[in-house]
Amino acid sequence: MTHEPHCHDFQKGAADALNNDQLQELLNRTLKNGFQKKRLNGMARLPEYDQLRDQARDLKNHILDHLDAYLERFELEVQKAGGHMHWAEDGDQARAIIGDICKKVGAKTVTKGKSMIAEEIDLNDYLAEQGIEPIETDLGEYIIQLRNELPSHIIAPAFHLSKNQVAETFREHHQHLDADRSLEEPTTLLNEARKELRDRFLKADVGITGANFLVAETGTAMIVTNEGNGDLTQCLPPVHIALTSIDKVVPTLEDATLLLRLLARTATGQEQSVYNTFFTGPKREGDLDGPDEFHIVLLDNGRTELLGSEFRDILRCIRCGACINHCPVYGVTSGHAYGWVYPGPMGSVLTPFFVGIEEAHLLPSASTFCGRCQDVCPVRIPLPDLLRNWRNRAFAVGKPGGAQRLALKVWAMLAQRPGLYHVTARFKIWAMKSLAGKRGHFKWFIGAGGWTKARDLPAPQGGTFQSRYQKGER
Amino acid sequence: MEQISPRIGLFVTCLVDLMRPSVGFAALRLLERAGAEVVVPPEQTCCGQPAYNSGDVEDARAIAKTVIEAFEGFDVVVAPSGSCTGMIVEHYAKLFENDPTWKARADNLSGRTQELTQFLAQHLDLNEISAQFDGSVTYHDSCAGLRELGIKDQPRKLLATVDGLVLKEMDDIESCCGFGGLFSIKYPDVSGAIVDKKASNVEAAETDLLSGGDLGCLMNVAGKLKRRGSNVRVYHIAEILAGMTDVPALGEDEA
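Protein chains in written order, with this note's numbering: chain F, 1 to 474; chain A, 1 to 255.
Please note: incorrect hints may appear among the correct ones.
[Stated by the list, open to error] List time: in silico SDA-like cross-link candidates among lysine to any residue, alpha-carbon distance up to 25 Å:
#, chain 1, residue 1, chain 2, residue 2
1, A, Lys-152, F, Asp-385
2, A, Lys-94, F, Glu-75
3, F, Lys-104, F, Glu-75
4, F, Lys-438, A, Lys-94
5, A, Lys-94, F, Lys-37
6, F, Lys-453, F, Arg-468
Because the hints were derived from the structure by calculation, they are not lab data.
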């Protein structure tokens, strides 16, 4: 799946999602009674949850203030442990570094743990072009790789698919298996994927994972998974590459555990993810397993620019997905409508930065500003403020334009001229009321056709408050 | 209860001014019952959210100045809307980060401004409400009021004083109705799908009335309820508290 952004098509993507009854049913069922409920349960078992959020926010702010120092320490420790450190300014550099490492060992296949950074730099397409077969090993990523789709959620890539759709996908792609096998049970699907992947794990030449956190004091990278696929990707092939970004560094192991306590609970309501894997350097003498070579590819991709911008707070993000799970817009559009790698509120802050505001200007305005994203964020990112910053930038480059901009400007002009405003308001309401007569609502109204497609438009009572008040009504 | 007799400036908000003056008159009555002298400055228009939320900072700033000037000199400013109050209280000062004089004036207004139910719950002798409504009501917490101003208990405390009124909470109560001001115009289908969920939660609460503190949200949900053929009637909380449920409900035909 190519990652050419199509964020300018948000309206169409949203319409496709709204017309997809199966998807709507899935979203209804799995957000509120799934992710949202699990988070509440996770929080309920941790009375100090809110204090931890404050600590996590302060910790991340401290890290961002001293990012250079912690990254240099991390590099030093990685090298001390026998690992290789690669700094990549952008996606091109990161891809080339990974391509070189793979070529040096003559890699034919690469197993991959789930990595949003790999999605960000479109790594799979690049590897395929180099004649290297990438194999996703996270169940969700595996499914969408078979279907040639983008992830629709940062922690649940195949969130948009039903069990039956997964079964269909497996029948189509696992044609060497008995066509009449039953794929009713989720566990059957899981077992089938596990069997298909087992051989791939053993034969892979290189394993590529992401990293949830990088520990500066020890040069350790760590990942959380619930399937154990990250471990197998990391320790079975002779070469392990951890592809990650500069905002993932934390000073100490203790700091990593603070964020881990919040991450699992906020994302899935778990006390901990099932597998918390810390890896430091390559296999040492006497180690039973582990890679012979260990590489960290550390991507910037503009993050240092974000650091100095009004979007700095988004670098606190630990990719838990809570803002996505609680966003009313995501709740009906799902992830693909957003048109690139990161969906939902955090995505609408990040995406314009990566693909440009001209391309992505619809995303920051695709929010009701209900504020629930900020409410549930474990590191207290003021997401509505950041979305607003993008709206300001979009307006400055002429978005929205056309009739929308004109209407805004007319309204703003009137709002600054109370006298003219009240005369205009009186006339407008007189006209609307005349059209309504005794009817309390419109089924259609000029200029509000979008609104009345979905719901009626209540008619005005008649007369503006100001005109009635001035006449002495109380 | 704090005993005061302040001079109050009522910010009726543009939606109430245009679409539903009865909310403004209800607010006026309630505030006067709280023992206040209430003035409605004619220089008021809109709080500036359409401009501010569209990224038009310059116009938002100019409109904020209009509002700040209109409400200079009042002890308290009250608005029957969480989102307009939130705009003044939480956002005006941000517009004047680089202008100390206006920032001070914005901060000053922010410190004097309250949403209607906030003010009433704090200052009105609850025995004074003496409204009656025989029926059940479910209450929608509008997002700005809930999350920017922390309004949750105040409207419930006020509704509890209404004779005959039974409050029944709906499911998924803290989720947005999908209005979002211009959001509902710019993304009408997405907004329509969100409000459909809200309307179905309202219906499932099986009440006679839906109430809330923000006219925009209420127009959105009332419009959806009407389209779904629901019989749930929609009133702003000020109308219920002022005993004004004899006027047609939002979206309802005149007799």
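> For the pair supplied as a hint, Lys-104 (chain F) and Glu-75 (chain F), is the alpha-carbon distance within the 25 Å limit?
Replying inline: holds (22 Å)
>> Check whether the Cα positions of Lys-438 (chain F) and Lys-94 (chain A) lie no farther apart than 25 Å.
In response: Not satisfied, since the Cα-Cα distance of roughly 43 Å exceeds 25 Å.
> Between Lys-94 (chain A) and Lys-37 (chain F), does the CA-CA distance stay at or below 25 Å?
Replying inline: violated (35 Å)
> Is it true that the CA of Lys-453 (chain F) sits at most 25 Å from the CA of Arg-468 (chain F)?
Replying inline: violated (32 Å)
>> So if I understand the rule, the pair passes when the alpha-carbon distance is 25 Å or less; does Lys-152 (chain A) with Asp-385 (chain F) pass?
In response: Distance ~23 Å between Lys-152 (chain A) and Asp-385 (chain F) Cα, so the pair holds.
>> Does Glu-75 (chain F) sit within 25 Å of Lys-94 (chain A), going by the straight-line distance between their CA atoms?
In response: Roughly 40 Å separates the two Cα atoms, so the pair is violated.
Checked against the numbered hints above, the structure breaks hints 2, 4, 5, 6 and satisfies the rest.
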